[in-house]
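K.L.:
Sequence:
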Amino acid sequence: YNPAQPMLFQIEPDYDQLKKTIIENFKKKSVSVEELENFILTQTPFRETHYKKQILAPMEKAEEINVESLNPKRRKFTFPRDSIIEFL
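Quick note, the sequence shown lines up with residues 1 to 88 if you use UniProt numbering.
These are calculated hints, taken from the structure and not from any lab test.
Quick caveat, the model's predicted, so the values are computed rather than measured.
There may be inaccurate statements among the hints.
Just the calculated beta-carbon pair ranges, DEER-fashion [what the hints assert, rightly or not]: (1) 28 <-> 74: 20 to 28 Å; (2) 25 <-> 5: 31 to 39 Å; (3) 5 <-> 81: 18 to 26 Å.
Glycine is no exception: its CB is placed at the ideal position from the N, C-alpha and C atoms.
Working from the sequences, and respecting the hints, build out all of it.
P.N.:
In structure tokens, the structure reads:
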């Protein structure tokens, strides 16, 4: 290990950048979880594991999004694929 050598990958993804990108593209829109995941995978350098817990859950808690699901038993801060995310 050489600390002077630049790292190829960051240890942690830049979640603030991902949130900013999501908001820029979906503000005032509604999108399915499946569509959002497809956008993240194809249009950003992030993976599908980088957005539910780190981005959507805090946004739901802060009331920055509304989540609608066909499943009436959906728990807060969970995002099944059939859910629709409304970005406020």
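K.L.:
Checked against the structure, which of the hints given earlier come out wrong?
P.N.:
3
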